[in-house]
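Chemist: Listed below, chain by chain, are the residues.
Number of protein chains: 2
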Amino acid sequence: MAAEIICVGTELLLGDIVNTNAQFLALELASLGIPHYFQTVVGDNIDRLCSAIEIASGRADILIFTGGLGPTPDDLTHDAIGAFFKSPLVEYPEIVADITTKFARIDRPMTPSNLKQALLPGGASILPNPSGTAPGIIWQPRPGLSLLTFPGVPSEMRKMWRETAVTYLKSLGWGSNIIYSRLMRFYGIGESALAAKVTHLFDSSNPTVAPYAGMGEVRLRVSAYASSQTQAVSLIEPVAQEIISIAGLDYFGSDDDSLASIVSTLLLERGETLSVAESCTGGGLGQMLTDMPGSSAYFKGGVIAYDNSVKASLLGVDSSALELHGAVSETVASQMARGVRDRLGTDWGVSITGIAGPGGGTETKPVGLVYIGLANPQGEVKSFEYRFSSYRDRLTIRSLSALSALDRLRRYLLEG
Amino acid sequence: MAAEIICVGTELLLGDIVNTNAQFLALELASLGIPHYFQTVVGDNIDRLCSAIEIASGRADILIFTGGLGPTPDDLTHDAIGAFFKSPLVEYPEIVADITTKFARIDRPMTPSNLKQALLPGGASILPNPSGTAPGIIWQPRPGLSLLTFPGVPSEMRKMWRETAVTYLKSLGWGSNIIYSRLMRFYGIGESALAAKVTHLFDSSNPTVAPYAGMGEVRLRVSAYASSQTQAVSLIEPVAQEIISIAGLDYFGSDDDSLASIVSTLLLERGETLSVAESCTGGGLGQMLTDMPGSSAYFKGGVIAYDNSVKASLLGVDSSALELHGAVSETVASQMARGVRDRLGTDWGVSITGIAGPGGGTETKPVGLVYIGLANPQGEVKSFEYRFSSYRDRLTIRSLSALSALDRLRRYLLEG
Numbered sequence: 006m007a008a009e010i011i012c013v014g015t016e017l018l019l020g021d022i023v024n025t026n027a028q029f030l031a032l033e034l035a036s037l038g039i040p041h042y043f044q045t046v047v048g049d050n051i052d053r054l055c056s057a058i059e060i061a062s063g064r065a066d067i068l069i070f071t072g073g074l075g076p077t078p079d080d081l082t083h084d085a086i087g088a089f090f091k092s093p094l095v096e097y098p099e100i101v102a103d104i105t106t107k108f109a110r111i112d113r114p115m116t117p118s119n120l121k122q123a124l125l126p127g128g129a130s131i132l133p134n135p136s137g138t139a140p141g142i143i144w145q146p147r148p149g150l151s152l153l154t155f156p157g158v159p160s161e162m163r164k165m166w167r168e169t170a171v172t173y174l175k176s177l178g179w180g181s182n183i184i185y186s187r188l189m190r191f192y193g194i195g196e197s198a199l200a201a202k203v204t205h206l207f208d209s210s211n212p213t214v215a216p217y218a219g220m221g222e223v224r225l226r227v228s229a230y231a232s233s234q235t236q237a238v239s240l241i242e243p244v245a246q247e248i249i250s251i252a253g254l255d256y257f258g259s260d261d262d263s264l265a266s267i268v269s270t271l272l273l274e275r276g277e278t279l280s281v282a283e284s285c286t287g288g289g290l291g292q293m294l295t296d297m298p299g300s301s302a303y304f305k306g307g308v309i310a311y312d313n314s315v316k317a318s319l320l321g322v323d324s325s326a327l328e329l330h331g332a333v334s335e336t337v338a339s340q341m342a343r344g345v346r347d348r349l350g351t352d353w354g355v356s357i358t359g360i361a362g363p364g365g366g367t368e369t370k371p372v373g374l375v376y377i378g379l380a381n382p383q384g385e386v387k388s389f390e391y392r393f394s395s396y397r398d399r400l401t402i403r404s405l406s407a408l409s410a411l412d413r414l415r416r417y418l419l420e421g
Numbered sequence: 006m007a008a009e010i011i012c013v014g015t016e017l018l019l020g021d022i023v024n025t026n027a028q029f030l031a032l033e034l035a036s037l038g039i040p041h042y043f044q045t046v047v048g049d050n051i052d053r054l055c056s057a058i059e060i061a062s063g064r065a066d067i068l069i070f071t072g073g074l075g076p077t078p079d080d081l082t083h084d085a086i087g088a089f090f091k092s093p094l095v096e097y098p099e100i101v102a103d104i105t106t107k108f109a110r111i112d113r114p115m116t117p118s119n120l121k122q123a124l125l126p127g128g129a130s131i132l133p134n135p136s137g138t139a140p141g142i143i144w145q146p147r148p149g150l151s152l153l154t155f156p157g158v159p160s161e162m163r164k165m166w167r168e169t170a171v172t173y174l175k176s177l178g179w180g181s182n183i184i185y186s187r188l189m190r191f192y193g194i195g196e197s198a199l200a201a202k203v204t205h206l207f208d209s210s211n212p213t214v215a216p217y218a219g220m221g222e223v224r225l226r227v228s229a230y231a232s233s234q235t236q237a238v239s240l241i242e243p244v245a246q247e248i249i250s251i252a253g254l255d256y257f258g259s260d261d262d263s264l265a266s267i268v269s270t271l272l273l274e275r276g277e278t279l280s281v282a283e284s285c286t287g288g289g290l291g292q293m294l295t296d297m298p299g300s301s302a303y304f305k306g307g308v309i310a311y312d313n314s315v316k317a318s319l320l321g322v323d324s325s326a327l328e329l330h331g332a333v334s335e336t337v338a339s340q341m342a343r344g345v346r347d348r349l350g351t352d353w354g355v356s357i358t359g360i361a362g363p364g365g366g367t368e369t370k371p372v373g374l375v376y377i378g379l380a381n382p383q384g385e386v387k388s389f390e391y392r393f394s395s396y397r398d399r400l401t402i403r404s405l406s407a408l409s410a411l412d413r414l415r416r417y418l419l420e421g
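Going down the list, the protein sequences come from chains A and B. Going from the first sequence to the numbering used here is simple: count from 1 and add 5. Going from the second sequence to the numbering used here is simple: count from 1 and add 5.
Since no wrong hints were added, every one of them can be taken at face value.
One copy or two, either will do: identical chains are not told apart, so a pair holds if it fits within one copy or between any two.
Derived DMTMM-like pairs (lysine to aspartate or glutamate); straight-line CA-CA distance at most 25 Å: (1) Lys202 / Glu247; (2) Lys164 / Asp21; (3) Lys164 / Asp398; (4) Lys107 / Asp255; (5) Lys202 / Asp255; (6) Lys370 / Asp296; (7) Lys121 / Glu168.
Treat the hints as calculated values from the structure; they're not laboratory data.
Pulled out of the complex, with its shape left as it was, chain A reads as follows (with noise of 0.2 Å):
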């Protein structure tokens, strides 16, 4: 008993894009205790698409495709699967009704072409599509063997997995025997560093820990082997103890957690509000504060200052400190921590100056060079200088800058 992933698609064999699907798709199999041996991609041809169903019926129970469902004519997924098991595509009135719905809502022409996406194989229930117009299917075409198809666009299929294929995988009787995995997150320590500290962990066979590198971040991945997620989690809760009484602040939340959600949930409970002043970053700390619903709770805005003519004006930055000391530097990213919370009215304020490059480095004041400014409630203000390697690329240093003022502010908010 296996599963199978077939992603379809020109773009991936052009490699116009990277098959992150696969990834996801693979980590749920897993987390579900399926076993998975192979996948296969293929492009948008019909009679290579039949050969990769060929293939993969001859040796799994689940077939799981992603891509090939859209409106336009190299969109094959359904027609291959139809001709394969000769059932030949039906119009399913209710995804027509459904599209011309989301047509009307979002006041766009339907063309005919949208119809095709309401052509499934004569027998295949919908697998519906709540955030796009392709549904997907879920279908037996013989006995032992099951197909559900996704779209490509990720977050679509993503919904779709968790909404309704996770349902009938456990209908199987699937997800009997788990893999279920903790990510613990770490921020300021490298993967190396905190491998060391944790080496003896690694030959652990029930949950293993296993690093990864993430943007700026370390991970370490528990895993448990178990028969529910209970007996999982009482298997990696004490080791993922161990980890953080070992990492201490370097650990910042496990999961789903970012930078910004635990600054959100510590500003919360201490109803505190927080303002934001960026030069390198441009708006991408305010951004990632708000990615998260509920962020007016705790934030209430900020000065974007790319120009030294807007952290004088909106953020009162004395000219004679940017003239002494420049706009990259402690004194004006204290004045703009300062300055944005005095004017906004917040209890915290933040701020970013720094050479993002690649331009505008020089050999006192390299690119990659970053002061970090925050002033708290007491209105006192502390500013932190970081040196990114100047090898890094402009979107790498402005991204490391806005999640290590988060980072900073974390630190301050647990420890003073």
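Please arrange chain B on chain A, whose structure you already have, making use of the hints.
Modeler: For chain B alone, coordinates are given in the frame of chain A:
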């Protein structure tokens, strides 16, 4: 004649890593004009590896393997190749010497398992690995079939590909014909509506034309098969021009262009400056504008007016307008755009105010309702209403809001 990619590694099947190697190789094959119709991912299991080799060698002439070359017992790629083509592994003394030297250089003890990497199928040539200890092979186990193996570590694989594999593939006659593409980008039109307008081009065989949907934008890839980039461009150019004349202003750029880069070019040409006032996007528009190096030449900064108090204090929005029309209204969008333009002293001001959800929607002002304001150099203000579907998630509505603001400014700069 075609190549096929086989990625080996249980970590891919568990979803621990995303398969960036497949994307890199896909792009490289396209640039050499080598057709490629299937990719397979298979775990560290010798029987399944042999089965994957059997299937792939029956439909392709060049098999490219990544992964499974390491020193541990679960690294089985060369074992499987040797077994399938009945050529037992033999120890290559030059590899033993190379591994010994590399371990001496990094002052780490060599273990017996490292010598496993010196065992290759007899008759295979070494594909040198300058940056790691695991060499690959280049081998024709039978006439007309070439195998190339690479380690899974992306940096090592890429270096080996560029330094050795490309030369080998060119010696087989590849690379004299190339596939060269232009990715054309559109905003403000749906995939099916655009496809309906250019449907007559989808039958073209050289260049081919294929549509893709992205975040808010739609793309057409125009790909030519030719003996040189110059010849490819001469095939692509007339088709691209026809598409541009059909699409009008819905076409905004090609390849690496983005809405932000096009707006940047237009403002630089006119020597004009821009500021932004953001509510629901929280800084996302400023971030898009400053993602590009050199944006300080036209972008001065802005105000993140998340809370109504900031709309009033830093942008001068009337409290009566906020009360009467609400923060999400044409009037407030206009006042925000004018306010940021006036206070930052820029030529243009762009504002965004809307309901990104998931909460905060009402019957008259649902989630997805967004107003974009534009203040032009003459101080005139316009505002535009967008109704993104409320079934879209918060991050999508925020991205679409920022992209639509850039698109609106682009159209205004182009046609007034």
